[in-house]
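Enquirer: Residues per chain are reported as follows:
Number of protein chains: 2
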Amino acid sequence: MTGTTARAGARPVAPARGRLRPLAQGEVEITGGFWGQRQEVNATATLEHCQEWMERVGWIGNFRAAVEGRVATDRRGREFSDSDVYKLVEAMAWEVGRTGDPAVDERLRDLVATIAAAQEDDGYLGTKFGRPGQGPRWSDPEWGHELYCIGHLVQAAVARARTSDDTALLDIARRAADHVCEVFGPGGAPGIDGHPEIEPALVELARLSGEQRYLEMAAEFVERRGHQRLADIEFGRAYFQDDVPVREATVLRGHAVRALYLAAGAVDVAVETGDPDLLAAIERQWEATVARRTYLTGGMGSHHQDESFGDDHVLPPDRAYCETCAGVASVMLSWRLLLATGNPRYADLAERTLFNVVATSPAPDGRAFYYVNTLHQRRPGVAAPLDRETPRAGSSLRAPWFSVSCCPTNVARTLASLDTYLATVDDDGLQLHQYADARISTRLPDGRPVGVEVATTYPDGGRVTVRIAETADAPWTLTLRVPSWGAGATVTDGDGRRAAGPGSVSVHRRFAVGEEIQLDLPVGPRFTEPDPRIDAVRGCVAVERGPLVLCVESTDLPDGRHVDDVRVDPDRPPRDDGGVTAAGVLVEQADGEWPYRPSGRPSPAAEPAAIPLAPYHSWATRGPSTMRIWLPTV
Amino acid sequence: MTGTTARAGARPVAPARGRLRPLAQGEVEITGGFWGQRQEVNATATLEHCQEWMERVGWIGNFRAAVEGRVATDRRGREFSDSDVYKLVEAMAWEVGRTGDPAVDERLRDLVATIAAAQEDDGYLGTKFGRPGQGPRWSDPEWGHELYCIGHLVQAAVARARTSDDTALLDIARRAADHVCEVFGPGGAPGIDGHPEIEPALVELARLSGEQRYLEMAAEFVERRGHQRLADIEFGRAYFQDDVPVREATVLRGHAVRALYLAAGAVDVAVETGDPDLLAAIERQWEATVARRTYLTGGMGSHHQDESFGDDHVLPPDRAYCETCAGVASVMLSWRLLLATGNPRYADLAERTLFNVVATSPAPDGRAFYYVNTLHQRRPGVAAPLDRETPRAGSSLRAPWFSVSCCPTNVARTLASLDTYLATVDDDGLQLHQYADARISTRLPDGRPVGVEVATTYPDGGRVTVRIAETADAPWTLTLRVPSWGAGATVTDGDGRRAAGPGSVSVHRRFAVGEEIQLDLPVGPRFTEPDPRIDAVRGCVAVERGPLVLCVESTDLPDGRHVDDVRVDPDRPPRDDGGVTAAGVLVEQADGEWPYRPSGRPSPAAEPAAIPLAPYHSWATRGPSTMRIWLPTV
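Taken in sequence, the protein lines are chains A and B. One point on numbering: in the working numbering, the residue at position 80 of the first sequence is 80, and numbering is uninterrupted. One point on numbering: in the working numbering, the residue at position 41 of the second sequence is 41, and numbering is uninterrupted.
What the hints contain is simulated information worked out from the structure, not anything from laboratory work. For each residue, glycine too, the CB sits at the ideal point set by N, CA and C. Please note that a few of the clues may not be correct.
[Said to hold, decoys possible] Facing chain A, from chain B, some residues (calculated, C-beta under 7 Å):
#1 Ala291
#2 Leu296
#3 Arg378
#4 Pro525
#5 Phe527
#6 Glu529
#7 Asp531
#8 Arg533
#9 Val541
#10 Pro558
#11 Pro570
#12 Pro595
[As the list claims (entries may be wrong)] Listing some non-contacts, in silico: residues in chain B with all C-beta distances to chain A over 12 Å:
#13 Ala45
#14 Glu52
#15 Arg70
#16 Ala103
#17 Thr114
#18 Pro186
Let the sequences and hints guide you as you build the complete structure.
Expert: Right under this line is the structure:
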């Protein structure tokens, strides 16, 4: 049923201006392959799984308890649990847009009815505050998450409105957003929320509705932050980015998801209000964060304590936090910056993060998830309980649900809307940013139809074949991203084969239907070494293959060997003989009484070995194991 | 007034049996030098500082509020704040024992009167629970800290009873301990406290009073732990060592202070009850913890999140926690194991921890402290506020007080009683474990007097001169510890000079008063390299000098250079020409767009430099700086 329910504009982000114009569901469709398979699992397992769990743990029931007057005593879950119900609804909305699945549509309508009943007369919506026996509304800006929850409600409503004629959720969200504007707008309270999220949500609602005051409210929330309005908590005000004004900050800091949602909202505000200074500030922060505070996987967040960015170059693989939601949020930010600027570096980071963070979180069956995405597992994980919530950052295998369970629904909404992140258009033509089997059919701004079919085995194979499916009788430009690791790539068209350097390659011509353009990316395995200031991985290399970060997992080593016994020879490039291996040794290691000794000790005994490597995203899918990405050199 | 008020037995730990017998204040006295100077600052500044702050932040006032019936509304501080008042009283008691200072004695009596008034009729004492408007007593075993606080009360009372004729505090503590035995003893509640501490306290009260039931209660608390009586919190039950029974555990784990206090209590129980299996279990846990979970400084605890031990070999210098209290607790544990077994390895670790953790925490003026003792400071610290509490783990300079302020009073009680950790006796003679200017005068178990005067500039100089001051006309053995780094040490006595290998060296003879025995320890600077499984410091060396860990501080580098620019040449040993330097270079480092690159990049530009090194314990005493202990090699 593809395309039958998706409406014009069925996309998460719809800027009024910017270098590139995003496409909508229906205009671009993933038809199979790596991501198609994950979308299928998301549709057939994850959505239902999330709904079952939120019924089981009472987070959906909280809305019923509110209606029935017993929420003060019966409420379950953390203060932000409403948001996960909204994120599930958003995921369902994109799924309905993607496939038109009537069963999902039906479940979505039921959930919306449950939510609707809990909305109060003045538009306020939230199950944690304001009812008899509860704390007053807006009484806990640091930790209450009230605006955060309403932000997710609004994003869900925008998704629904862009993928369906059903306006029930949009009506709820607009009444809630109107209430927010009354409380916090001109003449109202000067506050902000400890967790940014309302900012991008209100901009998108303004884009959908044309109502300028939602944009003004979002802009005001962005400007208010950084002026020490929130309390100085133990983690410091940087935790919620209330330390430095958004325009003055030089790098992302504090809680990673908070920082990234805020930055995404600031880009939205900058684009809609035409504010190049604000946009440039976020570009600079992105640059500094990517250069100094980002893991090889694209993961962000080095601290377990406060789920936050560390100082520059503090990127310990064994204590990486790399929250799945931070990966989702990073893709959201990079996508907005790509649309605004057209710079392919943003699509590069999005690709890295999608393949190595977002794809790592869900289990193959779509019913268990990583919340934290470590780069080094020293003890085999412990199987998570199937019948109760797991602590979010436990050193476990993927878990079905968490006591803080923001990640599963965030993965779900991302996968359900992923088609829209593949391609854009501008006045000159079509740009492909992410490679997957896909069909694209759209029009350039001047109305000319363009359509292509993309066929690829990427990321396993490096060949991407683009077949022209629709074209007008005039030249246009097809632009293909060449990842930063893609030195040696070639593009082949009717004029022959030529080199295509990292960045992007364009083919400008009068295309004919059926014509094929072929991009060949060098996806063979390669060694990567870290900036010497990243102390935690000094003396190590990683192996990458195309956009995939690889890892060594104990499952693939001889019996009883730990991944920490591995040493690789950096002078002998890794090979791919149907499976990737690196030449190296396995060392024998033993405890002394004290782990520090006079320098110059002899090397430990070692036996030569071909070290097997596998995609990081699939680690721990074969039972408990130890794992590492960064490998010490011999 | 030394010796006039100190009573026989004025020592923190007084086991009924064991390989070595501890000495008391009065029998052993530090007379100057490194530790003498710190004891003086503790006496003249820190004790008063702690009392002033606990008045200011209301923790002493809580006892008054309890008496006046307003504690439910007026109580300030965390649930465990009573314990810091008790630790201050303990520090004062040792100070009175050490010097007989009447002003301290007077302030102590006032504090005890304040505490006494808040004790309830049934013996219960605590300002957080049980009064109208408060939660019921014992209602929060995981976080309530009720037994923890009473444990510190008991330790303070033991200290007071061993250093004064004033029994007021002992009376209070015994009534509280009796109440604990009634509530948790035979036929009572089966609970334990989330924070161990009552265990060593009750054993010491049994040693003091001869009351067996305190020992039985302590033994019962030790045995109860590890059977999942406490709730499964987000950090898991290992956080409070309730995951595995004490006898079955193989390594220390979870919250470091909790783990170490529990282990100390278990040693006390094992010694008093004659339980070699329990003692052996703790020895094994100590061995594994020291071999795999201890920093070069002796610091313990790798996680900020839960103040806990990390997995084996997870020892990041830049995210080291190394809580000062964990250093104190580690010294407590090692001291108990030394007394029980005589193994000098325990004194080795205690020395390392005293010089590099306990001595690092307080500022030179004794009025500011580190709570967390990082091994690598990447950004210059921020000056702590002087007028309010600082978060405990902020990346600041030393702070006057913390919202959780367990460390300053823990340092205070340790310094005030430090004399007693220097030496022991056994049937054959006298053992010196720690080196400081000191006078020792005691009797061997058979009644023979032995006395020595120790003169040394240690740790700056390596010569320790022991002059015989008292001796009977019969041979005895003087045993001197030779630290594990002391290969090449020599001892010189009337028979000449001879090598003294690491461990200990003994001189057995009929000593004469005035005779001198001289130990020469090789305290020149040396490189130390880490176990290759400690990923976080791969490719680095540290410089040590005698028992001191050294560091590079930006204060000593050319203008504007960061410690992360330092590289040292491991083939050229560090030198001491009045100041320690290592040969190396300063490198130029610059950001790229992405911090990971194809392997084989050229080395950055570098200029040769003599890298200056200084004792870690004195870092950040000259203003904000960056600092590192582990230095990458060229």
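Enquirer: Run the structure past the numbered hints and jot down the numbers of the failing ones, going up.
Expert: Violated hints (numbers, rising): 4, 10; every other hint is consistent with the structure.
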